[in-house]
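Please build the complete structure, drawing on both the sequences and the hints.
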Amino acid sequence: MLVETKALTRRFGGLVAVDQVDFQVRRGQTKALIGPNGAGKTTLLNLVSGLLPASSGDILIRGRSVVSCGPHEIAALGLARTFQNVQLFENMTVKENVMVGCHAWSKQGIASGALRWIGHWREEKLIEQEAERQLEFVGLSDLADFPAHSLPFGKQRMLEIARALASRPQVLLLDEPASGLSTRETSELAELLRQISVRGITILLVDHDMQFVMDISDEVVVLDQGRKIAEGTPAEIQVNPRVIAAYLGAEAK
Amino acid sequence: MDGSGSKRIRGGQAAPVRLRNAQVLNLLPFLFFLVCYAFAPRVVNEAQLTTIIYIGIYVLLAVGLNLLMGYAGQISLGHAAFFGIGAYTSGILTAKPIANEVIPGVSVGFAVLSAVALFLLLTRVSGWKLGVGIVLLVLLGWLHNLSSIAPAICAACAVVVMGVFGLVAKVGWSRACVSGAVLAILANVSKWFLRNTLERGGASPWTGLLVGIFLTAVISYLIGSQVLRLRGHYLAMATLAFGVIVEIVFRQWTAVTGGSSDGIFNIPPIQFFSCIPGFMRRFYEMAAGKTVDLRTQYYYLVWAFVFIAIVLAVNIVRSRVGRAFRAVHSSEQAAASLGVDTARYKVQVFVLSACMASVAGTLHAHNAGIGYIHPSEFGFMVSVELVVMVVLGGMASVWGSLFGAAAIQTLKDTLLDLEKTNPEFWGLKLQGLDPIVFGAVLIVVMIVLPQGLVRGFSDGLSALWRGAGRIKKQQGVG
Chain A
1 MLVETKALTR RFGGLVAVDQ VDFQVRRGQT KALIGPNGAG KTTLLNLVSG
51 LLPASSGDIL IRGRSVVSCG PHEIAALGLA RTFQNVQLFE NMTVKENVMV
101 GCHAWSKQGI ASGALRWIGH WREEKLIEQE AERQLEFVGL SDLADFPAHS
151 LPFGKQRMLE IARALASRPQ VLLLDEPASG LSTRETSELA ELLRQISVRG
201 ITILLVDHDM QFVMDISDEV VVLDQGRKIA EGTPAEIQVN PRVIAAYLGA
251 EAK
Chain B
1001 MDGSGSKRIR GGQAAPVRLR NAQVLNLLPF LFFLVCYAFA PRVVNEAQLT
1051 TIIYIGIYVL LAVGLNLLMG YAGQISLGHA AFFGIGAYTS GILTAKPIAN
1101 EVIPGVSVGF AVLSAVALFL LLTRVSGWKL GVGIVLLVLL GWLHNLSSIA
1151 PAICAACAVV VMGVFGLVAK VGWSRACVSG AVLAILANVS KWFLRNTLER
1201 GGASPWTGLL VGIFLTAVIS YLIGSQVLRL RGHYLAMATL AFGVIVEIVF
1251 RQWTAVTGGS SDGIFNIPPI QFFSCIPGFM RRFYEMAAGK TVDLRTQYYY
1301 LVWAFVFIAI VLAVNIVRSR VGRAFRAVHS SEQAAASLGV DTARYKVQVF
1351 VLSACMASVA GTLHAHNAGI GYIHPSEFGF MVSVELVVMV VLGGMASVWG
1401 SLFGAAAIQT LKDTLLDLEK TNPEFWGLKL QGLDPIVFGA VLIVVMIVLP
1451 QGLVRGFSDG LSALWRGAGR IKKQQGVG
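Listed in order, the protein sequences are those of chains A and B.
Read in order, the letters of the first sequence are residues 1 to 253 in this note's numbering.
Read in order, the letters of the second sequence are residues 1001 to 1478 in this note's numbering.
Any given hint could be a false lead.
DSSO-like, lysine-lysine: derived pairs with alpha carbons at most 30 Å apart [unchecked claim]:
| id | chain 1 | residue 1 | chain 2 | residue 2 |
| --- | --- | --- | --- | --- |
| 1 | A | LYS125 | A | LYS107 |
| 2 | B | LYS1170 | A | LYS107 |
| 3 | B | LYS1170 | A | LYS6 |
If you're looking for bench data, these hints aren't it; they were derived computationally from the structure.
Spelled out as structure tokens, the structure:
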């Protein structure tokens, strides 16, 4: 198991946003988390990536418990993510954004940078190559030197994915990658995610766009009001009565 | 959404600079700087040189603060405190060595501070573990102060007690032991050092510089590692409080700092030329075109530090760590999710910035022909002035800090000259104008040139340039 949660719970005051959720992500698969608004999907992603501390339960990444780890330590274990409301480094160029993505596997410290030791040059070259490779992969090479904030929204999404890929993750968490994208952009994104999956990177994503989710994922987990109500292949999920009830309301029964 | 976005791209086409050209272009300012540095004493008079020395000291401060504020996005309203710690450490060690009866207390205090910092650095604890650790270290330090107990026994006690605490609290016994050992070593070393200094009637300014940097690093680490968890206004308030406390210490700790009535005077200048090889001396003499007096030497020294600081700052900004700083500024969440240890980098830049301020402080204390420091030079208003310098020059612009500091310092001198003439309008005596004028400058800059002087002017020029081009094109078409 690459990522595993055990009875994971998160409370916000009286509200239980994530309630005793168990799920596993196997290496190499593409797994989707779906559910109606407020089901706790984003909270779950934030818990797994360490941005929020869990109230109780356990998270294992590659067999290691990470509940007490900070987000940067989890990133170092090979987990990268994107955000629902794209969080780029707006004060940097497109390429520099991706170069920050290389932080997890690069090592040079402040003295090396300040005094320009040999290690700095060597590593900087590697970082730059990696950044260019990832930019080419998502098709942003020609915009490398533009300020990140000048990109249109769809391209910002792509940039965020490139930045996450530059950290050489084993698992990529995507928080609503298709929201705000046009139909054409969404299908491009689906194609890109398939290519990422082919590279051997495991994907865990949250989205509302059913077509998109059913299209690319191997397995789907459905959350409703913080609880896991179903898990299975897209075909199974689509006919699951509990899922249909959760989406359409109780009357649909 | 798509259409408007691509329009934005086309509009921004003039902004990005291609990397290869940029690398060559980036060297030009440094060359220009060096030329000005070498030949400036030929063209300016004595009084201007003094101003330029002050400007250099403030540039050092502003460059450091800009790394913290402009790049890493963390505000400090207490930066004058670090400036003061550097100045006072060096001033005390060189001109007014600590009196015999205060030496044990001061050295133990210093050792405890350093040991706590090391304990934090090694174990990264917080909460009750940190509290107990600090209390233990303070008690062990107090043990060192009892003259009836041999130092060796104290040291053994320190190591054992900290080791046991480390085991019990599960914070790593070996690391805790190290902090105990360092407490014992530093307490004795600094006692010996201070006595030695007192006997010789003062240390060398270079020693003062290094001790100042060390002390500042320790204090800024202690403060930074706790305070930088706060954000925005809260961080501003916490650093402000720290600055105020340090200023009060300068004023009240009469036995060591001379208090607010005397300050410290007769601080010897740094004899720059006696520390550099002959060929450099000859080079400087050639560049200055005259025999180099103490003031000019000092000018060369200060601006050599400025040059080094700017080079280091520019290098750091364009490196892996510099990118991490900027990432923290823009989105801490995103930075952390990419493996950037945000807490660590924030503390790192804070300590670096404080150490640069400390160097500036030492240079300020040893200023040729002045050699006098007073608590009021390190108060809250100075911290505010520094922030104004950074904002005026331009956040996240190393060269901008140079212009910001120069502009503010010149303005301050002008105001001082103006006040000497006792201006009076309708019975209103214009005295103590600095805060008012700085406030006004800050407001105007934030509204008119939010990017600061340098970026503002370069953007303005390129806009003019493009505008001129467009007009030409239209005329051509017409």
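Hints, one by one, checked against the model:
Our distance criterion of 30 Å between C-alpha atoms is met by A/LYS125 and A/LYS107, whose separation comes to about 13 Å. Between B/LYS1170 and A/LYS107 the alpha-carbon distance is near 29 Å, which keeps this suggested pair within the 30 Å criterion. Between B/LYS1170 and A/LYS6, the direct Cα distance comes to roughly 26 Å. Compliance with the 30 Å bound is thereby established for this hinted pair.
Of the hints listed earlier, there is not a single one the structure fails to meet.
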